[in-house]
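Construct all of the structure, not just a fragment, from the sequences and the given hints.
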Amino acid sequence: MGLFNAKLLSAAGLSAALFITSFVPVQAMVPIPVQKPVQTVNAAEPVQYRNRDREDWRRRGYHRRNNAYYYNGHRGYRERRRGYREYNGMWFPLAAFATGAIIGGAVNNDRPVRVGGSHVAWCQNRYRSYRAYDNTYQPNNGPRRQCNSPY
1 MGLFNAKLLS AAGLSAALFI TSFVPVQAMV PIPVQKPVQT VNAAEPVQYR NRDREDWRRR
61 GYHRRNNAYY YNGHRGYRER RRGYREYNGM WFPLAAFATG AIIGGAVNND RPVRVGGSHV
121 AWCQNRYRSY RAYDNTYQPN NGPRRQCNSP Y
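Quick note: the sequence shown uses the working numbering, first residue 1, plus one each step.
Check the hints yourself; a few may be wrong.
Below 25 Å or equal to it, Euclidean Cα-Cα: the simulated SDA-like pairs (lysine to any residue) are [stated by the list, open to error]:
#, residue 1, residue 2
1, K7, T21
2, K7, L18
3, K7, I20
4, K7, A17
5, K7, S22
6, K7, F19
Restraint ranges, calculated between C-beta atoms of paired labels, are given here [claimed, not checked]:
#, residue 1, residue 2, range
7, F97, G142, 45 to 53 Å
8, L18, A132, 56 to 64 Å
9, A43, N67, 39 to 47 Å
10, A68, T99, 28 to 36 Å
Hints are computed from structural coordinates only; laboratory data are not their basis. We put the beta carbon where it would ideally sit given N, CA and C, even for glycine.
Below you can see the structure in the form of structure tokens.
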């Protein structure tokens with residue numbers, strides 16, 4: 001019983017010490033009052049203003065054709081339009097996505113599923129960790145190995 005009381009007493013003392021010392025950093029530094037600078041109200045300062053709406057189309061990147069202005073050659077639409085979809089910040093016709101889906105589907109055909117024969121059956125009976133799709137098994141030591149069957 002004496003050992004249990006000693007452990008309980010030391011745990012209670014340690015808890016009390018942690019609780020009391022957690023408040024010390026708050027009291028360690030007293031905030032110093034700082035005077036705020038006095039702001040004086042001045043009259044409005046004149047600033048230079050330059051209207052860069054459409055009159056300054058000669059800047060770098062701007063192009064003008066007849067009465068239309070373009071930036072970096074962009075002639076697209078800012079808002080959504082019927083029949084167009086957004087991709088990487090650009091608007092493309094829906095037909096472009098359909099064409100890409102058809103071509104991508106034709107190129108990436110699913111591979112034919114092969115049913116395992118006697119080789120796969122032999123390897124599965126021999127090795128519990130055999131995987132038929134890559135023809136490997138996990139030995140007790142080292143990396144995966146190929147299964148070499150007599151078939």
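So, going through the hints one by one against the coordinates:
| no. | hint | result |
| --- | --- | --- |
| 1 | K7 <-> T21 | 21 Å, holds |
| 2 | K7 <-> L18 | 17 Å, holds |
| 3 | K7 <-> I20 | 20 Å, holds |
| 4 | K7 <-> A17 | 15 Å, holds |
| 5 | K7 <-> S22 | 23 Å, holds |
| 6 | K7 <-> F19 | 18 Å, holds |
| 7 | F97 <-> G142: 45 to 53 Å | 48 Å, holds |
| 8 | L18 <-> A132: 56 to 64 Å | 59 Å, holds |
| 9 | A43 <-> N67: 39 to 47 Å | 42 Å, holds |
| 10 | A68 <-> T99: 28 to 36 Å | 29 Å, holds |
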